[in-house]
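Enquirer: In case you want the letters, here they are:
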Amino acid sequence: MKDTWIDRRSFLRGLGAVAATSALAACGTGTSRSAGGGAGTGSKTLVVRNSGGAYGDANMKAVLEPFMKETGIEIKVINPNYAQMLAQIKQGRPQFDLIDNSMIDFVKFAQEDATQQIDYDRLKSVKNADIPKNLLTPTAVGKNYWGSVIGYRTDAFGGKKPNSWADFWDTAALPGSRGLQHVDADIPELEFALLADGVPMDQLYPLDLDRAFRKLDEIKGSVKKYWDTGALPGVLLGRREVDASTVWYGRLNDLIKQGQPLAYVFQGARRQSNGWAIPRGAANVDAAYQLIDYSLRPEVQAHFSEIYPFAPVVPAAYKSIKDEVAATLLGAPQNLETGFDANVEWWVGNDEVVTKRWQEWARV
Amino acid sequence: MAVLAPPPEPVVAAAATGGWRRRLSGRRTRFGLLNATPVVVYLLVLFVYPIFSTLLLSLKDEDGGFTLHWYADALSGTSLDILLITLRISAETSAISLVVGFLLAYWITRLRPIWAGLVMLVVVVPHFISALVRTYGWIILLGDHGLVNETLVALHVPGAPFQLLYNELGVVIGTTSVMLPYTVLLLYAVMRGVDRGLIAAAASMGAGRLVTFFRVYLPLVAPGLVNAGILSFILCLGYYLTPALMGGPKQTMVASLIDEQVMKNNQWNGASALGVILLLLTFAGLLSLRLVKSVSEAAKNRGGA
Numbered sequence: 001m002k003d004t005w006i007d008r009r010s011f012l013r014g015l016g017a018v019a020a021t022s023a024l025a026a027c028g029t030g031t032s033r034s035a036g037g038g039a040g041t042g043s044k045t046l047v048v049r050n051s052g053g054a055y056g057d058a059n060m061k062a063v064l065e066p067f068m069k070e071t072g073i074e075i076k077v078i079n080p081n082y083a084q085m086l087a088q089i090k091q092g093r094p095q096f097d098l099i100d101n102s103m104i105d106f107v108k109f110a111q112e113d114a115t116q117q118i119d120y121d122r123l124k125s126v127k128n129a130d131i132p133k134n135l136l137t138p139t140a141v142g143k144n145y146w147g148s149v150i151g152y153r154t155d156a157f158g159g160k161k162p163n164s165w166a167d168f169w170d171t172a173a174l175p176g177s178r179g180l181q182h183v184d185a186d187i188p189e190l191e192f193a194l195l196a197d198g199v200p201m202d203q204l205y206p207l208d209l210d211r212a213f214r215k216l217d218e219i220k221g222s223v224k225k226y227w228d229t230g231a232l233p234g235v236l237l238g239r240r241e242v243d244a245s246t247v248w249y250g251r252l253n254d255l256i257k258q259g260q261p262l263a264y265v266f267q268g269a270r271r272q273s274n275g276w277a278i279p280r281g282a283a284n285v286d287a288a289y290q291l292i293d294y295s296l297r298p299e300v301q302a303h304f305s306e307i308y309p310f311a312p313v314v315p316a317a318y319k320s321i322k323d324e325v326a327a328t329l330l331g332a333p334q335n336l337e338t339g340f341d342a343n344v345e346w347w348v349g350n351d352e353v354v355t356k357r358w359q360e361w362a363r364v
Numbered sequence: 365m366a367v368l369a370p371p372p373e374p375v376v377a378a379a380a381t382g383g384w385r386r387r388l389s390g391r392r393t394r395f396g397l398l399n400a401t402p403v404v405v406y407l408l409v410l411f412v413y414p415i416f417s418t419l420l421l422s423l424k425d426e427d428g429g430f431t432l433h434w435y436a437d438a439l440s441g442t443s444l445d446i447l448l449i450t451l452r453i454s455a456e457t458s459a460i461s462l463v464v465g466f467l468l469a470y471w472i473t474r475l476r477p478i479w480a481g482l483v484m485l486v487v488v489v490p491h492f493i494s495a496l497v498r499t500y501g502w503i504i505l506l507g508d509h510g511l512v513n514e515t516l517v518a519l520h521v522p523g524a525p526f527q528l529l530y531n532e533l534g535v536v537i538g539t540t541s542v543m544l545p546y547t548v549l550l551l552y553a554v555m556r557g558v559d560r561g562l563i564a565a566a567a568s569m570g571a572g573r574l575v576t577f578f579r580v581y582l583p584l585v586a587p588g589l590v591n592a593g594i595l596s597f598i599l600c601l602g603y604y605l606t607p608a609l610m611g612g613p614k615q616t617m618v619a620s621l622i623d624e625q626v627m628k629n630n631q632w633n634g635a636s637a638l639g640v641i642l643l644l645l646t647f648a649g650l651l652s653l654r655l656v657k658s659v660s661e662a663a664k665n666r667g668g669a
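So the protein lines, in turn, are chains A and B.
Read left to right, the first sequence gives residues 1 to 364 (our numbering).
Read left to right, the second sequence gives residues 365 to 669 (our numbering).
Everything labelled a hint here was simulated from the structure, so no lab data went into it.
A few of these clues could be false.
[Said to hold, decoys possible] The following label-pair restraints were derived from C-beta to C-beta distances: (1) A:Ala-166 with B:Leu-651: 54 to 64 Å; (2) A:Lys-322 with B:Leu-643: 56 to 66 Å; (3) B:Leu-643 with A:Asn-79: 26 to 36 Å; (4) B:Met-627 with A:Asn-128: 39 to 49 Å; (5) A:Glu-324 with B:Val-489: 44 to 54 Å; (6) B:Val-517 with A:Lys-161: 22 to 32 Å; (7) B:Leu-562 with A:Thr-229: 49 to 59 Å.
Quick caveat: nothing in here was measured; it's all calculated off a predicted structure.
Just so it is clear, CB atoms sit at the ideal spot from N, CA and C, and this is done for glycine as well.
Whole structure, please, built from the sequences with the hints as guidance.
Expert: Dropping the structure here:
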């Protein structure tokens, strides 16, 4: 009897110890990757953050996997969003070493002092590569052009099709439900409203907020869903919940390949660029630089554009991109006339105000 | 559901100081305390501390001083609208899941045990499936070209297809389906406890079916109805997933607003204030449950005297 008691007590003590260690371990997951962790050379894993989805898959196939094969560096991909990343960096121990994100967000990161200065001497691919100057910022390196366009069902409007934002807004001529992007996903789509209202593409900025929201009021009744993830427009269009929607260019490609009657309209496309930045407190800075450098090689840029329709930022990449592929890239020289570049400075300065106004507009 | 359990009897408060010492010196007590320590530490670290830091955060302004303006913000303008929408959707959900749950539970009590077990399984098993998957299931069923609308159109129902998604109807359908197992389980337990003899007695004394239902059966199951209603209301208040996926912008609920404040606006103080308000509403719900109980008990005692 006494023996069992002792046994039970020591068992309980052991149990307590187990509970305590696991609790500590749970608290400590953040520290295990900290920069000063001392693991140093032993840690070979590079953690990359991107937005996942079809873009993440293409990125893995075209850039990350070949990079792993060439260097032997293991890559892990995670998808935290802006606020999560910022919170982790502020805590001093981000779970990622390299951020793949839109260049507008990197300006915000820089304002929060969350990203490291880029040492351009460590990036061989950038030298003499003629990457546009505005994509080589002190804390971020651009790597691709992407954009928002109209996506629509080709079987929806009885043979007619939208050719412009004015058509997208014209629910009398092209009746059906619409989808617009939610402010949770990216900067609101005010430019499209202004284009639909007749503002010329080269006179959009500074945006006339009152005019844009007035125009948005017109289409509000036809908007069935404001999509908050890049994959949702494809779902909504594919399930015939909406007949036309704004969409991040490229996200419908898989559905089109599967035979869905979907198409894009390039006219009035809003182009943005995305790129790389290294967070403060990153554990594996060396590998991060290696990957940035690798991703900007002309042949890697070309390979990615063939798998996913984001245009390269290195002009030399076009030498190895087939013409019919280049024709499908929003940022390719022959398509520049159809769209406009989102004005990064304007959006960084006004994002907060516009976001708040959009949130209130959408709910009334 | 643990929150609905009656609070432990206040034995400790009643014990004198001497009693305290005696109790603590008992081997069984020491053993009990040892057992409780991990749980207490766990709750302190992972539950009490975060709640208090949330409370503090909601009372801090940008410079770290004391302020109530996050609460003023939360209780005005669109935030207030969202709070009211949340209350309305929660009320609708708990009302509908009470009615449907009542009918379902009543039907199950009338079934033979084997069938009752099977039907119960059908009610409860979907709850083991991820809420995300179930919600997508509803989205596929309720879409403009989903099964429900296609069937209605094929049957030439006037007005079909109906918009069953991305509006308040869609949200309430979704949340009700989530809450239904809770109400059915609670009501079923109460209904099983009803003595059928009382119903028979009422009938033998000349009460019609309606009178028996309203004057005998309903008072007997009323505690279960109150429990189930308030539970589903409380659960719905903080529900995030279904409203976010099956609703439109006009069905934004408080949980989504909190998410937006943190994830989009980087506004932790305002989000904390909303969280505290949600917690207070939950407490108010629990308190009303206690009140209803004590009032009904008082009434019962008076009736007995």
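Enquirer: So, for every hint listed, does it hold in this structure?
Expert: Against the structure, the hints:
1. A:Ala-166 with B:Leu-651: 54 to 64 Å: Once the Cβ atoms are compared, 57 Å apart, the range 54 to 64 Å for B:Leu-651 and A:Ala-166 holds.
2. A:Lys-322 with B:Leu-643: 56 to 66 Å: Holds - the Cβ-Cβ distance for A:Lys-322 and B:Leu-643, about 59 Å, lies within 56 to 66 Å.
3. B:Leu-643 with A:Asn-79: 26 to 36 Å: Because 30 Å falls inside the window, the suggested range holds.
4. B:Met-627 with A:Asn-128: 39 to 49 Å: At 41 Å between Cβs, range holds.
5. A:Glu-324 with B:Val-489: 44 to 54 Å: This hint holds: roughly 52 Å between Cβ atoms.
6. B:Val-517 with A:Lys-161: 22 to 32 Å: 26 Å, holds
7. B:Leu-562 with A:Thr-229: 49 to 59 Å: 55 Å, holds
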